[in-house]
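Going line by line, the protein sequences match chains R and V. Throughout the first sequence, residue numbering follows our numbering, covering 1 to 197 in sequence. Throughout the second sequence, residue numbering follows our numbering, covering 1 to 197 in sequence.
If you're looking for bench data, these hints aren't it; they were derived computationally from the structure. Just so you know, these numbers come straight off a predicted model, no measurement behind them. Please note that the accuracy of each hint is not assured.
As the list claims (entries may be wrong) - Capping the alpha-carbon separation at 25 Å, the derived lysine to any residue pairs in SDA-like fashion look like this:
1. R:Lys177 <-> R:Gln38
2. V:Lys13 <-> V:Thr3
3. R:Lys13 <-> V:Lys13
4. R:Lys13 <-> R:Glu28
5. V:Lys177 <-> V:Asp22
6. R:Lys177 <-> R:Asp196
7. V:Lys13 <-> V:Ala25
8. R:Lys13 <-> R:Asp41
9. V:Lys13 <-> R:Ser39
10. V:Lys13 <-> R:Gln38
11. R:Lys13 <-> V:Gln38
12. R:Lys13 <-> R:Asp196
Protein chains: 2
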Amino acid sequence: MDTLYFATGNAGKLEEAREYLDGQAALEQVEYDYTEIQSDDLGEIAATGARETYDAMTAEEANDGSDVNGSDVDGVLVDDTGLFVDALGGFPGPYSAYVETTVGVERVWRLLEAEDESNRRAHFRTVMAYADAEGVETFEGSVAGTIVAPRGEAGFGYDPIFEYNGQTFAEMTAAEKNAISHRGRALAAFTDWYADQ
Amino acid sequence: MDTLYFATGNAGKLEEAREYLDGQAALEQVEYDYTEIQSDDLGEIAATGARETYDAMTAEEANDGSDVNGSDVDGVLVDDTGLFVDALGGFPGPYSAYVETTVGVERVWRLLEAEDESNRRAHFRTVMAYADAEGVETFEGSVAGTIVAPRGEAGFGYDPIFEYNGQTFAEMTAAEKNAISHRGRALAAFTDWYADQ
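Build out the structure end to end from the sequences listed, making use of the hints.
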């Protein structure tokens with residue numbers, strides 16, 4: 001069985017990806033600090049990161065003549081996620097984590113407060129990039145919603161201001177949110193493709 | 001005389017840098033699309049870009065056995081500039097150009113409007129990175145000011161909301177603005193250092 005590596009510091013993401021892979025391949029975590037480039041395009045950011053991580057891990061394998069962590073590196077997964085607000089030209093987009101830390105979610109809501117509801121459309125978007133000896137492929141999942149005044153205590157990040165079907169992500173249980181998750185959709189697109197390889 | 005290359009698409013920046021270099025070295029423009037990494041640190045972004053551009057240009061020189069553009073590449077300059085607002089944790093910082101395009105300058109003002117004036121401190125900051133065969137050095141220049149409601153028609157970018165000594169940058173002539181310029185200060189730091197080499 002092939003062994004894939006998911007470059008993430010988040011064990012929850014690893015578990016979720018394992019569920020989608022459903023035993024098609026072994027999936028291990030690797031904490032590799034790949035370069036995140038500046039780009040409007042999540043796919044380009046994730047693809048560059050996956051390529052770099054795969055190249056570094058396989059170079060290491062070749063160098064010491066042995067397998068990394070005792071198994072071949074057959075492929076590497078990297079994900080990138082952002083909240084894209086239509087009326088703000090896609091902001092905060094690829095810089096969502098930075099904007100959350102600096103500006104804060106409450107202020108992002110304030111930027112939209114004066115807009116009509118029809119101008120408050122937004123998408124949560126995740127790209128999974130998969131790099132192996134053949135090249136890099138990217139798989140996208142997205143969820144459309146509306147930016148609203150913060151409501152709810154669950155979740156994290158922009159969840160309190162992202163409304164989907166009458167509820168904010170922060171008002172949903174983890175199970176409800178995962179069922180419509182942008183990351184889940186990207187993972188499903190990847191594992192469908194992977195099954196055909 | 002040594003020949004340095006300034007990786008920029010902006011001929012105005014090239015002219016300004018030539019004035020500061022004052023004949024110490026020849027300075028040419030190169031339009032090389034170096035990778036901009038995601039980082040809170042302008043210096044890291046500019047240094048990575050200067051290193052990459054220098055390596056690419058000297059590799060090209062070695063490959064075709066001839067000098068690029070007919071002269072040796074003795075060093076490469078790359079600059080990066082951002083507006084750092086204290087009350088927003090440094091936002092928009094390294095992503096100032098992206099935020100200008102997507103969110104817009106008027107909305108950045110709106111984020112600060114509710115704050116006391118003492119909470120509206122900001123810095124314009126430029127880092128010049130210089131890469132040569134020895135390594136990379138970075139030189140910073142900054143100007144402290146206050147974020148205000150937009151005033152003035154001159155300049156570009158965040159100039160209308162950045163007040164220095166009672167005037168916004170957009171209310172100054174180009175000569176007034178250049179005399180207190182963050183980029184000028186970074187260039188002066190670089191050329192002082194370069195003169196000692």
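We went through each hint and held it up to the structure:
Proximity of Lys177 of chain R to Gln38 of chain R is assessed by CA-CA distance (about 29 Å); at most 25 Å being required, the pair is judged violated. For the hint pairing Lys13 of chain V with Thr3 of chain V, the CA-to-CA distance comes to about 17 Å; that is within 25 Å, so the pair holds. The straight-line distance between the Cα atoms of Lys13 of chain R and Lys13 of chain V is roughly 45 Å, outside the 25 Å bound, and the hint therefore fails. Taking the CA atoms of Lys13 of chain R and Glu28 of chain R, the gap is about 11 Å. The hint holds against a cut of 25 Å.
Restraint check for Lys177 of chain V and Asp22 of chain V: the C-alpha separation of about 20 Å stays at or below 25 Å, so the hint holds. Our distance criterion of 25 Å between C-alpha atoms is broken by Lys177 of chain R and Asp196 of chain R, whose separation comes to about 28 Å. As the CA atoms of Lys13 of chain V and Ala25 of chain V are separated by approximately 16 Å, the hinted pair is consistent with the 25 Å bound. For the given pair, Lys13 of chain R sits about 21 Å from Asp41 of chain R by alpha-carbon distance, which is consistent with the 25 Å threshold.
Straight-line distance between C-alpha atoms of Lys13 of chain V and Ser39 of chain R comes to about 23 Å, which keeps the hinted pair within the 25 Å bound. A hinted pair counts as satisfied when its Cα atoms are at most 25 Å apart, and Lys13 of chain V with Gln38 of chain R qualifies at roughly 22 Å. Proximity of Lys13 of chain R to Gln38 of chain V is assessed by CA-CA distance (about 22 Å); at most 25 Å being required, the pair is judged to hold. For a cut-off of 25 Å, the pair hint linking Lys13 of chain R to Asp196 of chain R stands: about 23 Å separates their Cα positions.
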